[in-house]
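*Asks:* Sequence:
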Amino acid sequence: MKLLHFSDTHLGFSEYTKIDPASGLNQREKDFYDAWDQVVESILQTRPDIVVHAGDLFHTPRPSNRAIRVALESIQKISDAGIPFVIISGNHETPRIRATGSIFESIALFENVYAAYSSKYERFRIKGIDFHCLPHCSLTEEMEAALHAIKIDPAAEKNVLMTHGAWSGKTFYGMGEFNEQRLPDIEGVLGTTFDYIALGHYHRRVDIKDHVCYSGSTERTSFNEYNSQCGFLTIDLQNMHKQYHEIETRPMIKLPPLDCQNLTAVQIYDKLNQLADAGTENAIVQLSLTDINEHTFIKLDSRAVDDIFAKTFHLEKQFYRAEQSAATDTKSSRIESLPVEFERYMATVTDKDLDQKRLAKLGMDYLSQFE
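Mapping to our numbering: the sequence shown position 150 is 150, numbers consecutive.
A couple of the hints might just be wrong.
As the list claims (entries may be wrong) - Derived pair list, reagent style DSS-like, types lysine-lysine, alpha-carbon separation capped at 25 angstroms:
1. Lys-2 - Lys-209
2. Lys-299 - Lys-311
3. Lys-170 - Lys-242
4. Lys-127 - Lys-158
5. Lys-2 - Lys-18
6. Lys-151 - Lys-209
7. Lys-18 - Lys-209
8. Lys-18 - Lys-77
9. Lys-2 - Lys-127
Said to hold, decoys possible - Simulated restraints, written as ranges between beta carbons of each label pair:
10. Gly-24 - Val-206: 35 to 45 angstroms
11. Ile-298 - Ile-97: 47 to 57 angstroms
12. Ile-152 - Asn-224: 29 to 39 angstroms
These are calculated hints, taken from the structure and not from any lab test.
Please read all numbers here as calculations on a predicted model, not as lab measurements.
Glycine included, each C-beta is placed from N, C-alpha and C at the ideal position.
Modelling step: build the complete structure from the supplied sequences, incorporating the hints.
*Replies:* Below, the structure written as structure tokens:
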């Protein structure tokens, strides 16, 4: 019995301003659709006995029409191929207000699709195997009730648990999200052992135990995942042979910090040219320049740095002055009008010999006349 396990596809995720010229879509949004399509294509080619998706199919509880179309078209293909598809909802797609309903209500209408999304335990028997589903629960009380509602039927040939959250046994596998569901060592709590536990939420491929696995995400949503693989798992439930299948995704590179102590701006540019030539084309790149002295910092041109990395897909820059303890993040820096900037500056002045109120008023009057 061959099982295909994947998770955290986050359809509809969108970031940066790059547009795919062929489709007109945000390029990062398209990257997530491309990753999803690779998994679906593999499903249709290899035809596993059962497919499980362990949550966060979509990036939001109210996905766009495009994200819904991409998901439903593919699920229809899997359904038409006669391959059972079991899916649970994750924290990203579970509505905070239950009265608004869930997109999973539509997904559950497909033949051969089994969806658990109502913040409660559900069990599906497919080809003799019981799938015990614990979707994301918004309340701790709901999670506890769902956990203790699990019942093992001796008539089942195998028992597979599916759940979405941060496993918190000896190690905590969280994403740092405010609404993530914290999972205990479920087998320890219930005093039972499942044949396989398919986990979702944590974006890295991890075996907590040989039969307790995160498949990881199919695309990266932040630099916290820059060195992680993207793909899916196949599992033979008879002999527990597992195989990880990596898919092709956009490179995400976190360059080693460049120590700029005693370097001139020209010397920094020379070193950056060497870094840019080392496989950063079409990649999402994070660059950190550290210990920049004040004189060099003034001369450093952010646009020149952008030009050096012109072939990258996106460059996230962080410049650290020698005396700073925090980064000057050029991605989010923003200059307001002169009066606003002057008011901000005056808030930082601590010289007791100055009449700050009078100076601030004079400055604002002059700047207002100038504007």
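*Asks:* Decide if the proposed pair is consistent with the structure: Lys-2 and Lys-18, CA atoms, cutoff 25 angstroms inclusive.
*Replies:* Between Lys-2 and Lys-18 the Cα gap is close to 39 angstroms, so the pair fails against 25 angstroms, i.e. violated.
*Asks:* Please check whether Ile-298 and Ile-97 have a Cβ separation lying inside 47 to 57 angstroms.
*Replies:* holds (51 angstroms)
*Asks:* Could you tell me whether the CB distance from Ile-152 to Asn-224 stays inside 29 to 39 angstroms?
*Replies:* holds (36 angstroms)
*Asks:* Between Lys-18 and Lys-209, does the CA-CA distance stay at or below 25 angstroms?
*Replies:* Distance of about 40 angstroms is beyond 25 angstroms: violated.
*Asks:* Does the structure keep Lys-151 and Lys-209 at a Cα separation of 25 angstroms or less?
*Replies:* holds (22 angstroms)
*Asks:* Is the Cα-Cα distance between Lys-170 and Lys-242 25 angstroms or less?
*Replies:* Holds, because 23 angstroms separates the two Cα atoms, which is no more than 25 angstroms.
*Asks:* Given the hint that Lys-299 pairs with Lys-311, test it: the Cα-Cα distance must not exceed 25 angstroms.
*Replies:* holds (24 angstroms)
*Asks:* Hinted pair, alpha-carbon criterion (25 angstroms max): Lys-2, Lys-127. Please report holds or violated.
*Replies:* holds (11 angstroms)
*Asks:* With a cut-off of 25 angstroms on the C-alpha distance, tell me whether Lys-127 and Lys-158 pass.
*Replies:* Judged against 25 angstroms, a Cα distance of about 10 angstroms means the pair holds.
*Asks:* Under the criterion that the straight-line Cα-Cα distance not exceed 25 angstroms, is the pair Lys-18, Lys-77 satisfied?
*Replies:* Not OK: Lys-18 and Lys-77 at ~30 angstroms, beyond 25 angstroms, violated.
*Asks:* So the hint says 35 to 45 angstroms: do the beta-carbon atoms of Gly-24 and Val-206 match that?
*Replies:* holds (37 angstroms)
*Asks:* What's the verdict on Lys-2 and Lys-209, does the C-alpha distance respect the 25 angstroms limit or exceed it?
*Replies:* holds (19 angstroms)
Consistency note: the structure conflicts with the earlier hints numbered 5, 7 and 8.
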